[in-house]
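From first to last, the protein sequence lines are chains G and A. Residue numbers for the first sequence follow the numbering used here, beginning at 1 and rising by one. Residue numbers for the second sequence follow the numbering used here, beginning at 1 and rising by one.
Hint data in this document are derived by calculation from the structure and do not stem from the laboratory. Accuracy of the hints is not assured; some may be wrong.
Identical copies look the same in the list; a pair holds intra-copy or inter-copy alike.
[Stated by the list, open to error] In silico EDC-like cross-links for lysine to aspartate or glutamate, where the CA-CA straight-line distance does not exceed 20 Å: (1) K161 - E43; (2) K330 - D167; (3) K98 - E347; (4) K342 - D292; (5) K212 - E43; (6) K307 - D254; (7) K200 - D39; (8) K330 - E154; (9) K161 - E52; (10) K244 - D202; (11) K170 - E154; (12) K330 - E55; (13) K342 - E295; (14) K147 - D292; (15) K252 - E313; (16) K200 - E215.
Keep in mind the model is a prediction, meaning the values are calculated, not measured.
Number of protein chains: 2
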Amino acid sequence: MHPTHLLPLGGLLLFGCISQVHADALRDQANTMFKPIPDNVTEVRGHPISAEQQELGKQLFFDPRLSLSHIISCNSCHNLGTGGADNIPTSIGHGWQKGPRNSPTVLNSVFNVAQFWDGRAEDLQAQAKGPVQASVEMSNTPDRVVKTLNSIPEYVESFRKAFPKADKDKAVSFDNMALALEAFEVTLTTPDAPFDRYLKGDDNALTAEQKKGLELFISSGCAACHNGVNVGGQAYFPFGLMQKPGADVLPKGDKGRFAVTKTVSDEYVFRAAPLRNVALTAPYFHSGQVWDLKEAVAIMGTSQLGKELNEQEVASITDFLHTLTGRQPKVELPILPPSSDKTPLPE
Amino acid sequence: MHPTHLLPLGGLLLFGCISQVHADALRDQANTMFKPIPDNVTEVRGHPISAEQQELGKQLFFDPRLSLSHIISCNSCHNLGTGGADNIPTSIGHGWQKGPRNSPTVLNSVFNVAQFWDGRAEDLQAQAKGPVQASVEMSNTPDRVVKTLNSIPEYVESFRKAFPKADKDKAVSFDNMALALEAFEVTLTTPDAPFDRYLKGDDNALTAEQKKGLELFISSGCAACHNGVNVGGQAYFPFGLMQKPGADVLPKGDKGRFAVTKTVSDEYVFRAAPLRNVALTAPYFHSGQVWDLKEAVAIMGTSQLGKELNEQEVASITDFLHTLTGRQPKVELPILPPSSDKTPLPE
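One chain only, chain G, in its complex shape (with noise of 0.2 Å):
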């Protein structure tokens, strides 16, 4: 901190004046690095979405028939009310399992290059007929999600409204579904958050300490790797380019992108992860085994930097990555269409 309450006036203009240069030069370089969160977005794929696709979507969200039990909904995991993810270690599904990897936040989450830790979905459409299916989570099938949603007359119907060019007969199906879900997830962003302002040109929205954080977020190499519209989710990096952290944090079981590609190169390689709204969203990593914000930027600092980062400089960018909070999305709770007597049962 720069000792401002002893300087004497002049010295006190001059400083506000070099202040003011040199907050815009850092935003300047900020603006070459990251976006702002658009207002809103009206398109996925270049195609737009309709009102009637959105809103079947958020129903499907929220809807706990899409799982075998009848009691896990895509908002089990990743909670609107909780920064789109749900806050434990590893997601907890069908039968109590525990799933192998934290859940990611949902929020903004089309703004990333693909979805899951390892990219292995092109898309949000593509990403959400996973974890309906994986017997670790939804433990559904498709066919039974078709049977389901086809047994509750009113679904049919906001099928039938919501994709208008599909035969009568096919308007519900599984791919339909994703689609619908993913209608509804685009919405689902957080604009307006203070570092977003900054980015816009208001020098006000982040303090002096926040602002230093930035600029270690930046020189120390952090935006190397978490950049762009969603500071992070755009790439993909080993983890522990320089250091492996413990076993705990990095299970040897799990070898992320290996997965995907089968390419000896992307053993423990995983996407950035983005951190939009990353205060939120504790605990930390794919492990989920880090609970404490300023712990996982130190972490982050010796395995990919090779920095000892000092405690200052570990809050000064935690301070700085609490302003990627954004203003979180607005959802009136949908009133889903009741079963029918055609319904398959909970198992």
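Starting from the known structure of chain G, fit chain A onto it as the hints suggest.
Frame of chain G; chain A shown alone:
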């Protein structure tokens, strides 16, 4: 069905006239037994409830950190998107344990004489403390809940605002958690059901078939137990009064209110189920073993009334029961305050 389409014009007018008189008599009779759901509830036990208490209660209702695992909230088993219940036979709680009874709806529960199937909690604030502590549900302890809430600065502030008369350091308490939950839950009413509109004078709110069902509901004796504003929930009755249903529907191990009063005459006694929104809350009975509302009506006929209702009677009564589905509460999903480094970790 009267063959009105075969009547000549004079007969049609005459029929319309008789029908009017008859409908009024039916409504008058119904109004001696039932009451419409009020538009809103603004006090509980004679005390007004504040907006601050309701808002806090809404956050708590959706907060999975009230559970030991951090993944089970009140809304998990009393899902406001699915009729205020979980729509599975018996709730699944901590460690995927199955609870002993079907989850009752939270909707309109403020109008019940007491809470739980056996009425063991006198009101909603007493009820709220049960599932949080039950080992097969949220599996938490009051101490841990208070420690958790006290570790979250925004909650401490919200409790102080909601309970301004409490000592500053004692605003966060297990009792006040329960009072806040109750303050939210009393807002979860479903006014304006077709039946309410009928009671208030709108003759077209029910179809002829539904009116026939209402008549049968009264004349067969259903309304002897299922009456009042909640069409049930007002008093206790033996399940199997005339004929015990099978052990699947009435398991021998669950003696109902006997566990509360230790009185032999209370063996297999339960609170008459409140029938508001019953079409949304399959499966039925405390055991949750009957999925079809018609089958539930038929079982009630034999077990409680000693009557074999014929198919047409069952269909009419079921049609009437569908008129008890009211306007579901609009709830914006609350954004929950983030945990701190003092928050106890999930287990």
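Hint-by-hint comparison with the structure:
1. Taking identical chains as interchangeable, the C-alpha atoms of K161 and E43 lie at most 20 Å apart only when both belong to the same chain, with a minimum of 18 Å there against 42 Å between chains.
2. In this assembly of identical chains, the alpha carbons of K330 and D167 never lie at most 20 Å apart, being 34 Å within a copy and 34 Å across copies at closest.
3. Taking CA atoms no more than 20 Å apart as the test, K98 paired with E347 passes in both settings, with 18 Å inside one copy and 12 Å between copies.
4. When the C-alpha separation of K342 and D292 is checked against a cutoff of 20 Å, the pair qualifies only between copies, where the shortest distance is 10 Å, while the shortest distance within a copy is 48 Å.
5. For a Cα distance limit of 20 Å, the shortest separation of K212 from E43 qualifies neither inside one copy, at 36 Å, nor across copies, at 51 Å.
6. Proximity of K307 to D254 under the C-alpha cut-off of 20 Å is found in neither arrangement, the shortest distances being 25 Å within a copy and 63 Å between copies.
7. For a Cα distance limit of 20 Å, the shortest separation of K200 from D39 inside one copy, 13 Å, qualifies, whereas the shortest one across copies, 46 Å, does not.
8. Proximity of K330 and E154 under a CA criterion of 20 Å is satisfied inter-copy only: 19 Å between copies versus 24 Å inside one chain copy.
9. Taking identical chains as interchangeable, the C-alpha atoms of K161 and E52 lie at most 20 Å apart only when both belong to the same chain, with a minimum of 7 Å there against 40 Å between chains.
10. In the homo-oligomer, the alpha carbons of K244 and D202 never lie at most 20 Å apart, since the shortest distance is 39 Å inside one protomer and 73 Å across protomers.
11. Taking identical chains as interchangeable, the C-alpha atoms of K170 and E154 lie at most 20 Å apart only when both belong to the same chain, with a minimum of 15 Å there against 48 Å between chains.
12. For a Cα distance limit of 20 Å, the shortest separation of K330 from E55 qualifies both inside one copy, at 14 Å, and across copies, at 15 Å.
13. Within a single copy, K342 and E295 get their C-alpha atoms only as close as 52 Å, which misses the 20 Å cut-off; across copies the closest is 15 Å, which meets it.
14. Only between protomers do K147 and D292 lie at most 20 Å apart by alpha-carbon distance; the minimum there is 18 Å, versus 44 Å within a single protomer.
15. In the homo-oligomer, the alpha carbons of K252 and E313 never lie at most 20 Å apart, since the shortest distance is 30 Å inside one protomer and 65 Å across protomers.
16. For the identical chains of this complex, K200 and E215 are intra-copy neighbours only, at 17 Å inside a copy versus 67 Å across copies, given an alpha-carbon limit of 20 Å.
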